[in-house]
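Chemist: Sequence:
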Amino acid sequence: MANRETNYSFGVEMEFYIGWVRADSTDAVHTPSQFRSRPGAGPFVVSDPDPGEGEVHDELEATILEFLQDNPPDTVVPQDMVDIENDRKWSHLGRFRRWQVVPDVTLTQNLDRVFPREVLEACNWAAVEVVSPALWATQKGFDDVARVASFLHRKFWTMTPRFCGTHVHVGFGNHWLPMESARKVAAFLYAADPILAQTHPVHRRNNHWCRSPRLYSNLSFGQTMIDVRNVDDHEEDEEQHDDDDHEEYDVEYDEYNDGPSQSQAPNDPGTLIERFSRMMGKKPARPRPARNEFPPRPREVAYTADPERIAIMTARDEPWMMECDPYRFKPVPLMPAVGELLHATNRAMIYELLQTGQMPSAYSFRQFSFEIKRTIEFRMPAGSVEPVEIVSQARVAVRLVQFAAAADLNHLLRIISDFEEAESNPRYYDVYDLFLDLGLRPEARVLHAALAGTLNDTIRTNYCQSRGHQITP
245 MANRETNYSF GVEMEFYIGW VRADSTDAVH TPSQFRSRPG AGPFVVSDPD
295 PGEGEVHDEL EATILEFLQD NPPDTVVPQD MVDIENDRKW SHLGRFRRWQ
345 VVPDVTLTQN LDRVFPREVL EACNWAAVEV VSPALWATQK GFDDVARVAS
395 FLHRKFWTMT PRFCGTHVHV GFGNHWLPME SARKVAAFLY AADPILAQTH
445 PVHRRNNHWC RSPRLYSNLS FGQTMIDVRN VDDHEEDEEQ HDDDDHEEYD
495 VEYDEYNDGP SQSQAPNDPG TLIERFSRMM GKKPARPRPA RNEFPPRPRE
545 VAYTADPERI AIMTARDEPW MMECDPYRFK PVPLMPAVGE LLHATNRAMI
595 YELLQTGQMP SAYSFRQFSF EIKRTIEFRM PAGSVEPVEI VSQARVAVRL
645 VQFAAAADLN HLLRIISDFE EAESNPRYYD VYDLFLDLGL RPEARVLHAA
695 LAGTLNDTIR TNYCQSRGHQ ITP
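All letters in the sequence shown, in the order written, are residues 245 to 717 by our numbering.
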């Protein structure tokens with residue numbers, strides 16, 4: 245097997261609008277003021293004489309693939325592997341072997357209400373979703389995403405109104421993430437949700453396409469693993485250990501620390517949770533890394549529940565559903581909820597507990613539950629084609645999964661207890677504390693600047709130097 249430094253993989257989905265013109269009408273294009281700071285960019289030129297959005301997608305995809313021709317991406321599916329449709333270990337990745345441009349059903353808003361008139365009249369606009377292949381979470385893999393985002397940003401007029409999003413999928417190559425790891429990842433992301441929301445704009449925090457699992461999941465309304473009925477007990481949750489080279493998965497490499505960290509078999513989660521719960525209320529503040537470059541810790545939580553949404557969701561006829569006043573709703577206590585996830589017996593149970601009604605969760609386990617992508621999807625990042633922002637979001641998502649999967653249960657619960665304290669005392673711990681704890685200071689700088697609207701060439705250059713990226717400005 246290839247000698248890689250990681251078994252983790254990822255993919256990105258970038259939603260945005262691209263300006264385009266027909267090849268016979270380029271002379272009449274006026275450059276809107278929004279794009280005058282990018283002199284090399286212009287509308288995408290479509291050769292089809294009578295193009296629709298489908299033709300724009302096809303030609304843009306061909307343009308991206310041509311751009312990558314001399315430097316193929318670090319895909320999970322080997323470039324020379326031909327027939328995978330009938331290969332049970334690879335067939336689910338058949339659609340994710342190369343970069344694609346696809347339509348997005350969520351981008352249907354009336355642009356007259358979104359774009360300035362000058363922008364609308366300059367050219368035609370097409371809604372696109374640029375989807376990466378499944379990439380290894382290596383330097384080369386992150387470089388591949390940076391190169392495509394940089395190409396799009398430099399060459400074309402793009403717009404990312406507030407209803408656009410960026411999605412990051414994190415997986416375990418062509419294998420399932422082991423259930424021992426999946427339980428810990430699910431518990432960690434569920435507990436971290438209110439903290440992680442702090443690095444996203446408000447319109448993404450309250451977006452029905454990426455609902456908060458801490459506020460709106462079945463688990464937070466009172467469902468327990470005992471209540472989860474009719475879920476398949478997946479016999480293949482550990483199927484990757486059937487490989488001849490299964491010993492590769494015994495140690496998970498952590499690129500942010502000095503060496504490999506052994507994923508330990510946990511003690512009984514219930515016992516540990518009870519012990520950590522008794523600590524609360526008398527836990528001293530532990531030392532924090534210096535964080536002068538980041539804003540003060542917040543005085544208020546990142547988001548609160550929407551009473552109308554709570555009223556609709558709690559009206560469901562479920563025996564486990566809590567009764568509550570929608571205007572005074574509080575989710576179930578954090579530590580018992582974490583315990584339910586740490587005792588989950590299969591992937592479908594994790595998905596059921598974290599399901600947020602009919603709309604997807606900010607940290608969706610849907611693709612992990614079913615034989616589709618075998619990934620955990622991070623849905624809350626805002627739409628962007630800014631290269632360092634896209635790569636930072638991807639590195640953060642991968643790092644969060646890596647950390648939780650490899651952490652021993654004592655360490656995991658120690659950080660989760662910080663999240664619990666922050667629910668009632670937001671000034672105790674915030675997202676920048678978490679990023680610094682996990683070795684994500686460069687990403688914290690970029691995402692803070694993107695959120696504050698202060699992302700500049702100095703921050704871009706410093707980020708690229710810190711992570712070894714060569715991104716053309």
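Please keep in mind that the hints were generated in silico from the structure rather than gathered at the bench.
Here the structure is a predicted model, which means the values were calculated and not measured.
Virtual Cβ for every residue (Gly too), placed ideally from N, Cα, C.
There's no promise every hint is true.
Straight-line alpha carbon distances no greater than 35 Å define the calculated DSBU-like cross-link-like pairs of lysine-lysine that follow [claimed, not checked]:
hint, residue 1, residue 2
1, Lys574, Lys617
2, Lys399, Lys574
3, Lys399, Lys384
4, Lys384, Lys333
5, Lys333, Lys574
6, Lys384, Lys574
Pair by pair, the computed Cβ-Cβ distance ranges are [stated by the list, open to error]:
hint, residue 1, residue 2, range
7, Val446, Gly683, 20 to 30 Å
8, Gln383, Leu680, 18 to 28 Å
9, Gln602, Arg357, 39 to 49 Å
10, Arg535, Cys568, 47 to 57 Å
11, Asp324, Ser710, 50 to 60 Å
12, Ser277, Glu249, 43 to 53 Å
13, Ile556, Glu615, 29 to 39 Å
14, Val326, Ser291, 50 to 60 Å
15, Asn654, Glu249, 41 to 51 Å
16, His447, Arg398, 22 to 32 Å
Chemist: Hint by hint, note whether the structure agrees.
Modeler: For each hint, the structure was consulted:
1. Lys574 <-> Lys617: The given pair, whose Cα atoms are some 33 Å apart, holds under the 35 Å limit.
2. Lys399 <-> Lys574: violated (48 Å)
3. Lys399 <-> Lys384: Roughly 22 Å between the alpha carbons, so the hint for Lys399 and Lys384 holds.
4. Lys384 <-> Lys333: The given pair, whose Cα atoms are some 23 Å apart, holds under the 35 Å limit.
5. Lys333 <-> Lys574: Not OK: Lys333 and Lys574 at ~42 Å, beyond 35 Å, violated.
6. Lys384 <-> Lys574: With a Cα-Cα distance of about 44 Å, the restraint between Lys384 and Lys574 is violated, given a limit of 35 Å.
7. Val446 <-> Gly683: 20 to 30 Å: Holds, at about 28 Å.
8. Gln383 <-> Leu680: 18 to 28 Å: holds (22 Å)
9. Gln602 <-> Arg357: 39 to 49 Å: Violated, since Gln602 and Arg357 (Cβ atoms, about 26 Å apart) do not stay within the stated range.
10. Arg535 <-> Cys568: 47 to 57 Å: Given about 36 Å between the Cβ atoms, the range is violated.
11. Asp324 <-> Ser710: 50 to 60 Å: violated (34 Å)
12. Ser277 <-> Glu249: 43 to 53 Å: About 45 Å separates the Cβ atoms of Ser277 and Glu249, which means 43 to 53 Å holds.
13. Ile556 <-> Glu615: 29 to 39 Å: holds (31 Å)
14. Val326 <-> Ser291: 50 to 60 Å: About 30 Å separates the Cβ atoms of Val326 and Ser291, which means 50 to 60 Å is violated.
15. Asn654 <-> Glu249: 41 to 51 Å: Taking Cβ atoms as reference, Asn654 and Glu249 lie about 26 Å apart, which means the hint is violated.
16. His447 <-> Arg398: 22 to 32 Å: holds (27 Å)
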